[in-house]
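Engineer: One-letter residues, chain by chain:
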Amino acid sequence: MIPTRAAVAIVTTAIAVVLLFSFKTPAQARPRTPAADISQGTAVPSPSPGDSSAPSPTPSPSSGFKDGIYTGQDVLTQFGDVQVKVTISGGQITDVQPLQMPFDRPRSAEITQFAGPRLHDEVLQAQSAQIDVLSGATYTSDAYAQSVQAALDHAHG
Amino acid sequence: MGTVISIDLRDAHLHDGVLDEAFAWLRQVEQRFSPFIADSDISRLGRGEWTLEQCHPDVAVVLSLCEDLRQATNGVFNAWGWRADGRVDPSGLVKGWAGEHVAEMLERAGAANFCINAGGDVIVRGAPEPGRAWRIGIRHPIHAAAQAAVLETHQLAVATSGGYERGDHIIDARGGAPSRSLLSLTVAGPSLTLADAYATAGFAMGMAGVEWIAAQPGYEPYAVTAEGRVRYSDGFGVLLAKEEREVSATMESALPRRR
Chain A
10 MIPTRAAVAI VTTAIAVVLL FSFKTPAQAR PRTPAADISQ GTAVPSPSPG
60 DSSAPSPTPS PSSGFKDGIY TGQDVLTQFG DVQVKVTISG GQITDVQPLQ
110 MPFDRPRSAE ITQFAGPRLH DEVLQAQSAQ IDVLSGATYT SDAYAQSVQA
160 ALDHAHG
Chain B
1222 MGTVISIDLR DAHLHDGVLD EAFAWLRQVE QRFSPFIADS DISRLGRGEW
1272 TLEQCHPDVA VVLSLCEDLR QATNGVFNAW GWRADGRVDP SGLVKGWAGE
1322 HVAEMLERAG AANFCINAGG DVIVRGAPEP GRAWRIGIRH PIHAAAQAAV
1372 LETHQLAVAT SGGYERGDHI IDARGGAPSR SLLSLTVAGP SLTLADAYAT
1422 AGFAMGMAGV EWIAAQPGYE PYAVTAEGRV RYSDGFGVLL AKEEREVSAT
1472 MESALPRRR
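Sequence lines, in order, name chains A and B. By the count of our numbering, the first sequence reaches residue 166 at its end, each step adding exactly one. By the count of our numbering, the second sequence reaches residue 1480 at its end, each step adding exactly one.
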């Protein structure tokens, strides 16, 4: 049994997050409450030097963030709610974990039978193992960044 | 719509200037390639205001890669063929390409242990901490908070395409019909640019895309089918976390049921 992930203390880690790229999507995420100040293409948080409101991406106590665990704003998207928890340690963002992510339903589909000699076929599992990074989460990025920003606003006190 | 790009750098000796440089470059990439910025290079090119020669040289590099992939995928991946207005849009390639370029920037600066997550496209190098490999989760296509699989690796690029986050946003440029036989398709391999493009094209191909990716040297597919089963190559199986391989073997023999 794999333990689920708890808050991780990573002293030497620098995590920086920015909002980038404008890709074609069917809808914008709509915040339920007046959102943190995020405009398209704006860094969240900006790692630019000299901006005391932004977290420095290296271990530095001068980031303005107080250590602790902060829960971000619940952001509504067309697919469901997005909410994250941000851990600040040593003035740094050391972890961002999803609290709520949208669920979706599988679509009905035409099944094509396929047999490749090099391919394995198994029953899909759902697991919640400890991981460092997740591949495949894209749509909720705007909402994710908004929730991160809201959590960081709390961290500033 | 933004894409979140995070860089998790574990080399404590490096200055944060390395990260500043990387993010500054990423902002330039957005300014050049975003179809939603009216004065981006790609928008000007699309409106016919600029020639390719007037654009930043990276635009020609990316469009050349798009042309290679259009040929390699027999037209399924077509940066010129999917927009209603007929304008070129290399968005399907830029994210992976940018992530890979940032990895090269970090390595040139002396970084050996890091993880880049470009909107779900992942590239890892080295180790998160001494004594263990990076653990990359593959998003479960139905339960967003869970993983379908976990990979353990010290050097890999991983990209996943699915219909779960943006609706049926990936279309086969040849026919325009959305892919429906797969819920998601993950591609692992050495290049994030190619892993990203292969995942996009393979997902649009449906079940045949799984076999097509397995035939690409160095690239391994992991697909979740619409009926809730997974198919993956031998090479992908080797990358799976050890405890997961054991679980899979147990589940395969104990639970041969279908959803």
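Hints should not be assumed to be uniformly reliable.
[Claimed, not checked] To be clear about the criterion: a stretch of chain B counts as covered by chain A if any three or more of its residues have a C-beta under 8 Å from a C-beta of chain A, and this derived list gives those stretches:
hint : stretch
1    : 1278-1291
2    : 1364-1377
[What the hints assert, rightly or not] From the derived model, a few chain A residues whose C-beta atoms are all more than 12 Å from chain B:
hint : residue
3    : 75
4    : 76
5    : 78
6    : 79
7    : 80
8    : 83
9    : 98
10   : 135
If you are wondering where the hints come from, they were derived from the structure by calculation, not from laboratory data. Backbone N, C-alpha and C fix where the C-beta goes; we use that ideal spot for every residue, glycine too.
Engineer: Are the hints correct? Go through all of them and say.
Structural biologist: Results of checking the hints against the structure:
| no. | hint | in the structure |
| --- | --- | --- |
| 1 | 1278-1291 | violated (count 0) |
| 2 | 1364-1377 | holds (count 8) |
| 3 | 75 | 20 Å, holds |
| 4 | 76 | 19 Å, holds |
| 5 | 78 | 18 Å, holds |
| 6 | 79 | 17 Å, holds |
| 7 | 80 | 15 Å, holds |
| 8 | 83 | 14 Å, holds |
| 9 | 98 | 14 Å, holds |
| 10 | 135 | 4 Å, violated |
When each numbered hint is compared with the structure, violations occur for hints 1 and 10.
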